[in-house]
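Using the sequences provided together with the hints, build the complete structure.
What the sequence shown shows, in full-length UniProt numbering, is residues 1 to 398, in sequence order.
Among these hints, one or two may not hold up.
To be verified - Think about it this way: if two alpha-carbon atoms lie no more than 25 Å apart in a straight line, the pair counts; the simulated SDA-like pairs of lysine to any residue are:
| hint | residue 1 | residue 2 |
| --- | --- | --- |
| 1 | K238 | V278 |
| 2 | K46 | A25 |
| 3 | K250 | P55 |
| 4 | K238 | A170 |
| 5 | K370 | T359 |
| 6 | K250 | F360 |
| 7 | K250 | G60 |
| 8 | K370 | D317 |
| 9 | K238 | V199 |
| 10 | K250 | F146 |
| 11 | K250 | G168 |
| 12 | K370 | R394 |
| 13 | K46 | T8 |
| 14 | K250 | F226 |
| 15 | K352 | E388 |
| 16 | K250 | S268 |
| 17 | K238 | A174 |
| 18 | K238 | E271 |
| 19 | K238 | G168 |
| 20 | K46 | R16 |
| 21 | K238 | D263 |
| 22 | K370 | Q259 |
| 23 | K370 | F222 |
| 24 | K250 | P277 |
| 25 | K250 | E388 |
| 26 | K250 | K370 |
| 27 | K250 | R181 |
| 28 | K250 | L350 |
| 29 | K370 | Y260 |
| 30 | K46 | R30 |
| 31 | K238 | D373 |
| 32 | K250 | D263 |
| 33 | K250 | L132 |
| 34 | K250 | V391 |
| 35 | K238 | L132 |
| 36 | K370 | V199 |
| 37 | K352 | P277 |
| 38 | K250 | T171 |
| 39 | K238 | A310 |
By construction, these hints were calculated from the structure, which means they are not laboratory data.
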Amino acid sequence: MDQAVLATERYGSQERWRYQLRGGAVRREREADSSRTGSSISGAFKSIFLPQGYPESVSGDYLQYQIWDTVQAFSSSLSGTLATQASLRGVGVGNREATVAAATVTWLLKDGTGMIGKILFAWLKGLFADILNDIAMFVEIMAPHFPPFFTFIVCIAGVFKSIVGVAGGATRAALTVHQARRNNMADISAKDGSQETLVNLAGLLVSLVLIPLVTDNPLLTFVLFFLFTVLHLVANYKAVRTVVMDTLNKDRLSIVLQQYLHDGQVLSPQEANRREPVFLGRGISSVSIALLYIIYIFFFYKGYAGVCLAPDASVRDEIEAACQALCISFVLHGIIPPERNLALSNTQDLWKLVTESYTFMDTFFQPFIKALDEARWQTDRTLLDWNEWRVEWRKKTQ
1 MDQAVLATER YGSQERWRYQ LRGGAVRRER EADSSRTGSS ISGAFKSIFL PQGYPESVSG
61 DYLQYQIWDT VQAFSSSLSG TLATQASLRG VGVGNREATV AAATVTWLLK DGTGMIGKIL
121 FAWLKGLFAD ILNDIAMFVE IMAPHFPPFF TFIVCIAGVF KSIVGVAGGA TRAALTVHQA
181 RRNNMADISA KDGSQETLVN LAGLLVSLVL IPLVTDNPLL TFVLFFLFTV LHLVANYKAV
241 RTVVMDTLNK DRLSIVLQQY LHDGQVLSPQ EANRREPVFL GRGISSVSIA LLYIIYIFFF
301 YKGYAGVCLA PDASVRDEIE AACQALCISF VLHGIIPPER NLALSNTQDL WKLVTESYTF
361 MDTFFQPFIK ALDEARWQTD RTLLDWNEWR VEWRKKTQ
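Following this line, the structure appears as C-alpha coordinates:
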(Lines of atoms letter the chains of each structure in order from A; the text may use other names.)
(Lines give C-alpha, C1' and ligand atoms only; values in the text may rest on other atoms or scores of the structure.)
Protein backbone atom coordinates (compact mmCIF):
# COMPACT_ATOMS: atom_id res chain seq x y z
CA MET A 1 0.00 0.00 0.00
CA ASP A 2 3.07 2.29 0.19
CA GLN A 3 3.17 4.99 -2.54
CA ALA A 4 -0.57 4.51 -3.26
CA VAL A 5 -2.41 7.50 -4.76
CA LEU A 6 -5.33 8.31 -2.49
CA ALA A 7 -6.80 11.24 -4.43
CA THR A 8 -6.08 13.83 -7.10
CA GLU A 9 -7.28 17.39 -7.43
CA ARG A 10 -7.00 19.89 -10.25
CA TYR A 11 -7.62 23.55 -10.93
CA GLY A 12 -9.21 23.43 -14.37
CA SER A 13 -6.51 22.40 -16.83
CA GLN A 14 -3.86 24.58 -15.21
CA GLU A 15 -2.78 22.84 -12.01
CA ARG A 16 -2.96 19.26 -10.71
CA TRP A 17 -2.01 17.76 -7.34
CA ARG A 18 -2.10 14.23 -5.99
CA TYR A 19 -2.25 12.86 -2.47
CA GLN A 20 -0.09 9.79 -1.84
CA LEU A 21 0.32 7.48 1.10
CA ARG A 22 4.06 7.34 1.72
CA GLY A 23 5.73 5.91 4.82
CA GLY A 24 2.47 5.90 6.71
CA ALA A 25 1.83 9.59 6.02
CA VAL A 26 -0.25 11.42 3.38
CA ARG A 27 1.90 13.59 1.09
CA ARG A 28 0.62 16.28 -1.34
CA GLU A 29 2.64 16.64 -4.53
CA ARG A 30 2.27 18.65 -7.74
CA GLU A 31 2.21 16.54 -10.87
CA ALA A 32 5.24 16.91 -13.12
CA ASP A 33 3.38 18.43 -16.13
CA SER A 34 1.33 20.85 -14.04
CA SER A 35 2.09 24.55 -14.51
CA ARG A 36 2.67 26.83 -11.54
CA THR A 37 -0.18 29.28 -11.99
CA GLY A 38 0.12 31.29 -8.83
CA SER A 39 3.86 31.93 -8.79
CA SER A 40 4.46 33.50 -12.21
CA ILE A 41 3.59 36.74 -13.96
CA SER A 42 1.36 34.91 -16.45
CA GLY A 43 -0.36 33.10 -13.60
CA ALA A 44 -1.04 36.36 -11.79
CA PHE A 45 -2.34 37.91 -15.03
CA LYS A 46 -4.73 34.99 -15.57
CA SER A 47 -5.92 35.18 -11.99
CA ILE A 48 -6.71 38.90 -12.28
CA PHE A 49 -8.14 39.14 -15.77
CA LEU A 50 -9.54 35.70 -16.65
CA PRO A 51 -12.43 33.82 -14.98
CA GLN A 52 -11.58 31.09 -12.50
CA GLY A 53 -11.20 27.72 -14.17
CA TYR A 54 -10.47 29.23 -17.59
CA PRO A 55 -10.79 27.83 -20.24
CA GLU A 56 -13.15 25.07 -19.02
CA SER A 57 -15.42 27.49 -17.16
CA VAL A 58 -16.28 29.61 -20.21
CA SER A 59 -17.61 29.08 -23.73
CA GLY A 60 -15.22 28.09 -26.50
CA ASP A 61 -15.49 31.48 -28.21
CA TYR A 62 -14.55 33.45 -25.07
CA LEU A 63 -10.90 34.28 -25.83
CA GLN A 64 -11.41 35.27 -29.47
CA TYR A 65 -14.33 37.51 -28.56
CA GLN A 66 -12.46 39.18 -25.69
CA ILE A 67 -9.43 39.90 -27.89
CA TRP A 68 -11.51 41.69 -30.51
CA ASP A 69 -13.57 43.36 -27.80
CA THR A 70 -10.34 44.72 -26.30
CA VAL A 71 -9.28 46.14 -29.68
CA GLN A 72 -12.62 47.87 -30.21
CA ALA A 73 -12.67 49.23 -26.65
CA PHE A 74 -9.15 50.66 -27.05
CA SER A 75 -9.97 52.39 -30.34
CA SER A 76 -13.24 53.67 -28.88
CA SER A 77 -11.35 55.08 -25.89
CA LEU A 78 -9.04 57.07 -28.17
CA SER A 79 -11.99 58.33 -30.23
CA GLY A 80 -13.66 59.35 -26.98
CA THR A 81 -10.61 61.39 -26.04
CA LEU A 82 -10.86 63.35 -29.28
CA ALA A 83 -14.58 63.90 -28.74
CA THR A 84 -14.09 65.05 -25.15
CA GLN A 85 -11.42 67.55 -26.18
CA ALA A 86 -13.76 68.97 -28.82
CA SER A 87 -16.61 69.24 -26.31
CA LEU A 88 -14.42 71.04 -23.76
CA ARG A 89 -13.25 73.48 -26.40
CA GLY A 90 -16.83 74.04 -27.43
CA VAL A 91 -18.02 74.96 -23.91
CA GLY A 92 -15.26 77.54 -23.64
CA VAL A 93 -12.20 75.90 -22.11
CA GLY A 94 -9.29 78.15 -23.09
CA ASN A 95 -11.59 80.96 -24.18
CA ARG A 96 -11.37 84.07 -21.96
CA GLU A 97 -14.78 85.28 -23.06
CA ALA A 98 -16.57 82.11 -21.93
CA THR A 99 -18.29 82.11 -18.55
CA VAL A 100 -18.49 79.33 -16.01
CA ALA A 101 -22.29 79.65 -15.86
CA ALA A 102 -22.71 79.23 -19.64
CA ALA A 103 -20.45 76.20 -19.70
CA THR A 104 -22.26 74.64 -16.72
CA VAL A 105 -25.71 75.14 -18.29
CA THR A 106 -24.52 73.57 -21.55
CA TRP A 107 -23.09 70.56 -19.75
CA LEU A 108 -26.23 70.11 -17.63
CA LEU A 109 -28.46 70.26 -20.70
CA LYS A 110 -26.21 67.68 -22.38
CA ASP A 111 -26.45 65.29 -19.41
CA GLY A 112 -30.17 65.91 -18.91
CA THR A 113 -31.16 65.11 -22.47
CA GLY A 114 -28.94 62.04 -22.22
CA MET A 115 -30.91 60.79 -19.21
CA ILE A 116 -34.19 61.27 -21.07
CA GLY A 117 -32.80 59.36 -24.04
CA LYS A 118 -31.70 56.53 -21.77
CA ILE A 119 -35.19 56.17 -20.29
CA LEU A 120 -36.91 56.23 -23.70
CA PHE A 121 -34.52 53.76 -25.24
CA ALA A 122 -34.86 51.33 -22.35
CA TRP A 123 -38.57 51.36 -23.19
CA LEU A 124 -38.24 51.10 -26.99
CA LYS A 125 -35.24 48.73 -27.00
CA GLY A 126 -32.78 47.91 -29.79
CA LEU A 127 -29.15 46.83 -30.29
CA PHE A 128 -26.92 49.05 -32.41
CA ALA A 129 -24.75 50.49 -29.67
CA ASP A 130 -21.32 50.66 -31.26
CA ILE A 131 -22.29 52.36 -34.51
CA LEU A 132 -24.35 54.89 -32.56
CA ASN A 133 -21.41 55.46 -30.21
CA ASP A 134 -19.19 56.40 -33.15
CA ILE A 135 -21.87 58.71 -34.51
CA ALA A 136 -22.16 60.41 -31.12
CA MET A 137 -18.41 61.05 -30.92
CA PHE A 138 -18.34 62.36 -34.50
CA VAL A 139 -21.16 64.77 -33.65
CA GLU A 140 -19.21 65.99 -30.60
CA ILE A 141 -16.09 66.59 -32.69
CA MET A 142 -18.14 68.56 -35.24
CA ALA A 143 -19.97 70.63 -32.61
CA PRO A 144 -17.26 73.31 -31.98
CA HIS A 145 -17.29 74.17 -35.68
CA PHE A 146 -20.95 75.30 -35.38
CA PRO A 147 -20.93 77.66 -32.36
CA PRO A 148 -24.57 78.85 -32.69
CA PHE A 149 -25.81 75.25 -32.51
CA PHE A 150 -23.20 73.87 -30.13
CA THR A 151 -25.58 73.23 -27.21
CA PHE A 152 -28.17 71.55 -29.41
CA ILE A 153 -25.53 69.33 -31.08
CA VAL A 154 -23.92 68.14 -27.84
CA CYS A 155 -27.39 67.42 -26.42
CA ILE A 156 -28.07 65.15 -29.39
CA ALA A 157 -24.71 63.47 -28.81
CA GLY A 158 -25.64 63.02 -25.15
CA VAL A 159 -28.85 61.24 -26.13
CA PHE A 160 -26.93 58.94 -28.45
CA LYS A 161 -24.35 58.07 -25.79
CA SER A 162 -27.05 57.27 -23.26
CA ILE A 163 -28.69 54.95 -25.76
CA VAL A 164 -25.31 53.30 -26.23
CA GLY A 165 -25.12 52.63 -22.49
CA VAL A 166 -28.51 50.91 -22.40
CA ALA A 167 -27.98 48.89 -25.58
CA GLY A 168 -24.44 47.91 -24.67
CA GLY A 169 -25.53 46.77 -21.22
CA ALA A 170 -28.28 44.58 -22.68
CA THR A 171 -25.87 43.02 -25.19
CA ARG A 172 -23.17 42.43 -22.59
CA ALA A 173 -25.68 40.73 -20.27
CA ALA A 174 -26.75 38.29 -23.01
CA LEU A 175 -23.12 37.50 -23.83
CA THR A 176 -22.26 36.93 -20.17
CA VAL A 177 -25.04 34.37 -19.88
CA HIS A 178 -23.73 32.68 -23.02
CA GLN A 179 -20.10 32.66 -21.85
CA ALA A 180 -20.85 31.34 -18.34
CA ARG A 181 -20.55 27.56 -18.44
CA ARG A 182 -20.55 26.97 -14.70
CA ASN A 183 -23.11 29.52 -13.56
CA ASN A 184 -20.16 31.88 -13.03
CA MET A 185 -21.73 35.02 -14.47
CA ALA A 186 -20.60 37.16 -11.53
CA ASP A 187 -16.97 36.13 -12.00
CA ILE A 188 -17.09 36.70 -15.77
CA SER A 189 -18.67 40.14 -15.28
CA ALA A 190 -16.03 41.07 -12.71
CA LYS A 191 -13.16 39.97 -14.96
CA ASP A 192 -14.73 41.80 -17.90
CA GLY A 193 -14.72 44.92 -15.75
CA SER A 194 -11.05 44.39 -14.94
CA GLN A 195 -10.22 43.95 -18.62
CA GLU A 196 -12.13 47.12 -19.50
CA THR A 197 -10.28 49.08 -16.81
CA LEU A 198 -6.94 47.90 -18.14
CA VAL A 199 -7.88 48.89 -21.69
CA ASN A 200 -9.07 52.32 -20.55
CA LEU A 201 -5.81 52.81 -18.65
CA ALA A 202 -3.84 51.98 -21.81
CA GLY A 203 -6.06 54.40 -23.75
CA LEU A 204 -5.40 57.09 -21.15
CA LEU A 205 -1.63 56.71 -21.50
CA VAL A 206 -1.83 56.93 -25.30
CA SER A 207 -4.16 59.92 -25.01
CA LEU A 208 -1.53 61.83 -23.02
CA VAL A 209 0.70 61.60 -26.09
CA LEU A 210 -2.15 62.20 -28.53
CA ILE A 211 -3.69 65.37 -27.08
CA PRO A 212 -0.72 67.71 -27.67
CA LEU A 213 -0.58 66.56 -31.29
CA VAL A 214 -4.24 67.24 -32.11
CA THR A 215 -4.66 70.49 -30.17
CA ASP A 216 -5.50 73.29 -32.65
CA ASN A 217 -5.18 70.80 -35.51
CA PRO A 218 -8.71 69.96 -36.74
CA LEU A 219 -7.49 68.06 -39.80
CA LEU A 220 -5.37 65.65 -37.78
CA THR A 221 -8.25 65.26 -35.34
CA PHE A 222 -10.63 64.14 -38.09
CA VAL A 223 -8.03 61.85 -39.72
CA LEU A 224 -7.27 60.09 -36.43
CA PHE A 225 -10.95 59.87 -35.56
CA PHE A 226 -11.68 58.27 -38.92
CA LEU A 227 -8.90 55.70 -38.44
CA PHE A 228 -9.98 54.86 -34.88
CA THR A 229 -13.60 54.57 -35.98
CA VAL A 230 -12.76 52.17 -38.80
CA LEU A 231 -10.70 50.05 -36.40
CA HIS A 232 -13.53 50.16 -33.86
CA LEU A 233 -16.18 48.99 -36.32
CA VAL A 234 -13.99 46.29 -37.87
CA ALA A 235 -13.06 44.93 -34.44
CA ASN A 236 -16.74 44.94 -33.44
CA TYR A 237 -17.70 43.01 -36.55
CA LYS A 238 -14.95 40.47 -35.90
CA ALA A 239 -16.01 40.16 -32.27
CA VAL A 240 -19.64 39.50 -33.20
CA ARG A 241 -18.59 36.94 -35.81
CA THR A 242 -16.54 34.98 -33.27
CA VAL A 243 -19.54 34.46 -30.99
CA VAL A 244 -21.27 31.08 -31.36
CA MET A 245 -24.66 31.38 -29.67
CA ASP A 246 -26.26 28.00 -28.96
CA THR A 247 -29.65 29.46 -28.10
CA LEU A 248 -32.31 29.98 -30.77
CA ASN A 249 -33.47 33.39 -31.85
CA LYS A 250 -35.80 34.04 -34.79
CA ASP A 251 -33.03 34.17 -37.40
CA ARG A 252 -31.13 31.12 -36.16
CA LEU A 253 -34.32 29.08 -35.83
CA SER A 254 -35.31 30.04 -39.36
CA ILE A 255 -31.89 29.05 -40.74
CA VAL A 256 -31.88 25.71 -38.92
CA LEU A 257 -35.49 24.94 -39.82
CA GLN A 258 -34.99 25.64 -43.52
CA GLN A 259 -31.98 23.34 -43.66
CA TYR A 260 -33.83 20.58 -41.77
CA LEU A 261 -36.79 20.77 -44.13
CA HIS A 262 -34.40 20.67 -47.08
CA ASP A 263 -32.31 17.60 -46.22
CA GLY A 264 -33.29 16.40 -42.73
CA GLN A 265 -30.02 17.63 -41.18
CA VAL A 266 -29.81 20.04 -38.24
CA LEU A 267 -27.04 22.61 -38.51
CA SER A 268 -24.66 22.88 -35.58
CA PRO A 269 -24.55 26.17 -33.65
CA GLN A 270 -21.25 27.01 -35.39
CA GLU A 271 -22.73 26.53 -38.88
CA ALA A 272 -25.95 28.41 -38.11
CA ASN A 273 -24.08 31.35 -36.56
CA ARG A 274 -21.90 31.65 -39.67
CA ARG A 275 -25.03 31.98 -41.82
CA GLU A 276 -26.81 34.41 -39.52
CA PRO A 277 -26.75 38.01 -40.82
CA VAL A 278 -25.06 40.52 -38.51
CA PHE A 279 -26.93 43.68 -39.46
CA LEU A 280 -30.32 42.79 -40.94
CA GLY A 281 -32.68 39.95 -40.17
CA ARG A 282 -33.91 37.51 -42.79
CA GLY A 283 -37.35 39.10 -42.90
CA ILE A 284 -39.32 35.87 -43.27
CA SER A 285 -41.18 36.13 -39.99
CA SER A 286 -43.26 39.12 -41.16
CA VAL A 287 -46.13 37.18 -42.71
CA SER A 288 -49.85 37.00 -42.16
CA ILE A 289 -50.74 33.82 -40.31
CA ALA A 290 -53.28 32.70 -37.79
CA LEU A 291 -53.18 29.64 -35.61
CA LEU A 292 -55.31 28.47 -32.73
CA TYR A 293 -53.82 25.92 -30.39
CA ILE A 294 -54.26 24.56 -26.88
CA ILE A 295 -51.03 26.14 -25.65
CA TYR A 296 -50.72 29.23 -27.83
CA ILE A 297 -52.37 31.12 -30.67
CA PHE A 298 -51.14 32.94 -33.76
CA PHE A 299 -53.05 35.83 -35.22
CA PHE A 300 -53.19 38.05 -38.31
CA TYR A 301 -52.21 41.66 -37.71
CA LYS A 302 -51.19 44.08 -40.48
CA GLY A 303 -49.09 41.52 -42.29
CA TYR A 304 -47.11 40.32 -39.26
CA ALA A 305 -47.07 36.98 -37.52
CA GLY A 306 -48.26 37.31 -33.96
CA VAL A 307 -48.07 34.66 -31.25
CA CYS A 308 -50.02 34.81 -28.01
CA LEU A 309 -48.86 32.37 -25.36
CA ALA A 310 -50.89 30.81 -22.60
CA PRO A 311 -49.72 31.52 -19.02
CA ASP A 312 -48.38 27.97 -18.64
CA ALA A 313 -46.66 27.74 -22.06
CA SER A 314 -43.29 26.02 -21.82
CA VAL A 315 -40.12 26.84 -23.75
CA ARG A 316 -40.76 23.90 -26.08
CA ASP A 317 -44.27 25.22 -26.71
CA GLU A 318 -42.67 28.51 -27.74
CA ILE A 319 -40.28 26.76 -30.12
CA GLU A 320 -43.13 24.72 -31.62
CA ALA A 321 -45.24 27.84 -32.11
CA ALA A 322 -42.37 29.61 -33.84
CA CYS A 323 -41.69 26.59 -36.07
CA GLN A 324 -45.34 26.38 -37.07
CA ALA A 325 -45.36 30.08 -37.96
CA LEU A 326 -42.15 29.79 -39.97
CA CYS A 327 -43.39 26.76 -41.93
CA ILE A 328 -46.44 28.71 -43.05
CA SER A 329 -44.30 31.72 -43.90
CA PHE A 330 -42.01 29.52 -46.03
CA VAL A 331 -45.02 28.49 -48.11
CA LEU A 332 -46.44 32.02 -48.42
CA HIS A 333 -43.10 33.48 -49.47
CA GLY A 334 -42.19 30.59 -51.78
CA ILE A 335 -39.01 29.86 -49.80
CA ILE A 336 -39.70 26.12 -49.65
CA PRO A 337 -42.19 24.45 -52.02
CA PRO A 338 -45.02 23.03 -49.88
CA GLU A 339 -45.05 19.73 -51.74
CA ARG A 340 -41.41 19.07 -50.74
CA ASN A 341 -40.98 18.10 -47.09
CA LEU A 342 -43.97 20.24 -46.13
CA ALA A 343 -47.36 18.53 -46.05
CA LEU A 344 -49.05 21.85 -46.86
CA SER A 345 -51.03 23.03 -49.88
CA ASN A 346 -49.64 25.58 -52.31
CA THR A 347 -52.40 28.02 -51.54
CA GLN A 348 -52.81 31.58 -50.32
CA ASP A 349 -55.77 30.51 -48.17
CA LEU A 350 -54.28 31.19 -44.78
CA TRP A 351 -56.87 29.29 -42.79
CA LYS A 352 -56.40 26.21 -44.92
CA LEU A 353 -52.66 26.41 -44.31
CA VAL A 354 -53.31 26.82 -40.59
CA THR A 355 -55.45 23.70 -40.49
CA GLU A 356 -52.92 21.66 -42.44
CA SER A 357 -50.04 22.93 -40.33
CA TYR A 358 -51.47 21.27 -37.21
CA THR A 359 -51.35 17.84 -38.81
CA PHE A 360 -47.85 18.52 -40.08
CA MET A 361 -46.52 19.67 -36.69
CA ASP A 362 -47.95 16.59 -34.95
CA THR A 363 -45.47 14.39 -36.84
CA PHE A 364 -42.70 16.90 -37.47
CA PHE A 365 -41.91 18.63 -34.20
CA GLN A 366 -40.79 15.80 -31.90
CA PRO A 367 -38.11 14.47 -34.29
CA PHE A 368 -36.99 18.06 -34.94
CA ILE A 369 -36.62 19.00 -31.26
CA LYS A 370 -34.76 15.74 -30.63
CA ALA A 371 -32.37 16.58 -33.48
CA LEU A 372 -31.82 20.03 -31.97
CA ASP A 373 -30.83 18.45 -28.65
CA GLU A 374 -28.46 16.04 -30.40
CA ALA A 375 -26.83 18.96 -32.26
CA ARG A 376 -26.22 20.61 -28.85
CA TRP A 377 -28.67 23.45 -29.21
CA GLN A 378 -30.11 24.71 -25.93
CA THR A 379 -33.83 24.00 -25.93
CA ASP A 380 -34.49 24.84 -22.28
CA ARG A 381 -34.32 28.57 -23.03
CA THR A 382 -34.53 30.76 -26.14
CA LEU A 383 -33.90 34.30 -27.37
CA LEU A 384 -37.14 34.50 -29.35
CA ASP A 385 -37.93 37.82 -27.65
CA TRP A 386 -41.42 37.11 -26.39
CA ASN A 387 -43.20 39.91 -24.57
CA GLU A 388 -45.38 39.41 -21.50
CA TRP A 389 -48.80 39.24 -23.18
CA ARG A 390 -50.58 35.97 -22.33
CA VAL A 391 -53.98 34.59 -23.32
CA GLU A 392 -56.17 32.59 -21.00
CA TRP A 393 -59.30 31.02 -22.49
CA ARG A 394 -62.39 30.77 -20.38
CA LYS A 395 -63.42 27.16 -20.02
CA LYS A 396 -66.84 26.25 -21.32
CA THR A 397 -69.36 25.65 -18.55
CA GLN A 398 -71.80 22.77 -18.77
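- Item | Hints violated by the structure (numbers, ascending) | 2, 3, 10, 12, 14, 15, 21, 23, 31, 36, 37 and 39
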